[in-house]
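Colleague: Fit chain U to the known structure of chain D by using the hints.
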Amino acid sequence: MRLLTHNMLTSHVKGVNNGYPLKIEATEVNVESEVDFKPEFICCMIPRIDWDVLKKALAWIGKADLLPEEIVDNYEEDEEFLRKVHHTIMEIEIVTGSLICPESERSFPINKGIPNMLLNEDEV
Amino acid sequence: MKTSDKFLFLFGANKTGDNLFDFAVSEVHSTAKTLGIKAEESETCDCPFIRHPLINSSYTVLNVQHTDHVHTLLSRLILTKAAIEVWGGGQNYDELNRSIVNCRDDSKRKYFDDKVSFCMRVKGIGRKVQMTDQRRKIMLLGDDTLPFMGPVNLSAPDEEYYIVEDYMGVAKEESEPAFIYFGRVVGEGQRRLLDTYSLTKRKFIGNTSMDPEISFFMSNMAGVRSSSLVFDPFVGSGSILVSAAHYGAFVLGGDINYNVIHGTGKSSRHNVHFRKDDESILNNLRQYGLQSQYVDVLLSDAAQHPWRLNRPLFDAIITDPPYGIREGSRKVGVKGATMTDLQSLGPDVLHYPEQKEYLLEQVFKDLLEFAAATLVIGGKLVYFLPVNRTEYSAEFVPTHPALKLVGNHEQVLNTHSSRRLIVMKKMAHFDRSLEAEIQSNFYSESNSFRKKYFKPV
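Respectively, the protein sequence lines represent chains D and U.
Under our numbering, think of the first position of the first sequence as -2, with each following residue one higher.
Under our numbering, think of the first position of the second sequence as 681, with each following residue one higher.
For reference, chain D alone in the conformation it holds in the complex (with noise of 0.2 Å):
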């Protein structure tokens, strides 16, 4: 599971007011440099990321020097700004783990980076 994800998915377990942000609690985490860098894509992708909790998602799993404390003005322009964003959401893999509601602590399992969101049947 790539963190662009983990910024837009949320706990839905019946009762629970704000599954948002999901924790992370990351076993396994592959870092690829493989992912073709497309800055048009990371420019549309900004507006649409909550940063504070991209920078959350970061610091569970250990890197969270990897980006800057606030986005940087006209990052339009700037290319390396860029690519570390890129790095950040595209080429970073939770492929085994768990996502953790912050109010009912319910866990939700990832394995060979699928996450898995089924809620069980007295959940919904």
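In case anyone wonders, no lab produced these hints; they're calculated from the structure.
Among the hints, a few may not be true.
Beyond 12 Å from chain D on every Cβ pair, some chain U residues (computed) [as the list claims (entries may be wrong)]:
no.	residue
1	ASP702
2	GLN745
3	ASP748
4	GLY770
5	SER787
6	LYS808
7	ALA858
8	GLN967
9	ARG991
10	LYS1011
11	THR1079
12	GLU1090
13	LYS1105
Taking lysine-lysine and the DSBU-like style, the derived pairs with C-alpha atoms no more than 30 Å apart in a straight line are [claimed, not checked]:
no.	chain 1	residue 1	chain 2	residue 2
14	U	LYS1045	D	LYS11
15	U	LYS883	D	LYS109
16	U	LYS1011	D	LYS11
17	D	LYS109	U	LYS946
18	D	LYS109	U	LYS956
All residues carry an ideal CB built from backbone N, CA and C; glycine is no exception.
Modeller: Same frame as chain D, but now just chain U:
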């Protein structure tokens, strides 16, 4: 008279014999809009020989400002076979000759140069024109009309020309065409991709993998461009995502079925029992060099989705929801009255929840509400809606206050049933109080689409 901005789009023949005129015309218009290109039907009679083609024919004539724009369109179109720059037209060969001469301007001079090789073919709309007839008809265009000086080259000419004869649906062999166009081929559409992306060569398929022709069409109707983020909530083997990725989109999928998400379980291929280890949506993308476009797939239930709703996420949602025919529609919940005592299983036991039937009515209601909440403004929802042909009327298409219906094309499945490709555009910000509306009795359990689909003729 100026003809240089008129182009005839010739549509491909569909192997199942479906009439795809509607789809093909919409594809051109939708793609033009996505790419910011003006492509309009010739309304005025500034050129008297251009008239509207027969509905359900296999071509259309449009005004496009520049051949470059036509090339750009052709780089996306899957249902268009070729585009022709119109040089003239008439109700018979005399008129055609006169109109070509009248419209011959300086911009065409270079094509008559003696170093430019060429060939000419005759294309019959709704009729195949035999080779002997083709030769005879080509001779009907005088040397004064088309003073080509270059050599004829049938296999690899510099320029190709078509005489397009519209028989307006008349099948009788001896009849003459009702209208004839002449023009220069500008380029071809993307139909060669149908072979490249053929499901027979695809690494990983499922029972309901989408035909590439329709997948590409759906992506074009959804306005997919490079840098789009596209989600398919009923992703299956990812066949729709493959086409979106081909056009440069970044793709995400969700499905409730463990086997299909993980690429395990029984194979859908004839004579093959189980799926191989490397069958997966990612590997499908990798097969075409599109692995960089893969974001993620999730095990998820479209009825209880895990996406946050406080800001827009997707540029397009493109999907083929299960109609309960080849794949049952499912969602998490307890079947009948039995309740598994989950507490007794203990926290470490891996539990895959029971699934119950996901009624069609709820599928579409959930889908529209999901799209209204998660699409960016201007983003598109494209999905197939199954309908019973005798019962169908426009009111059956589900509606939502934040979404505008911008496309509705029928694809016939059998005598009773068809599916409609629905295209909706998000117009307004999501407000939780806005709800989807469906004509409720059509998709309810007692009136099931599945039962009617299998009804004997």
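Colleague: Checked against the structure, which of the hints given earlier come out wrong?
Modeller: Violated: hints 9 and 10.
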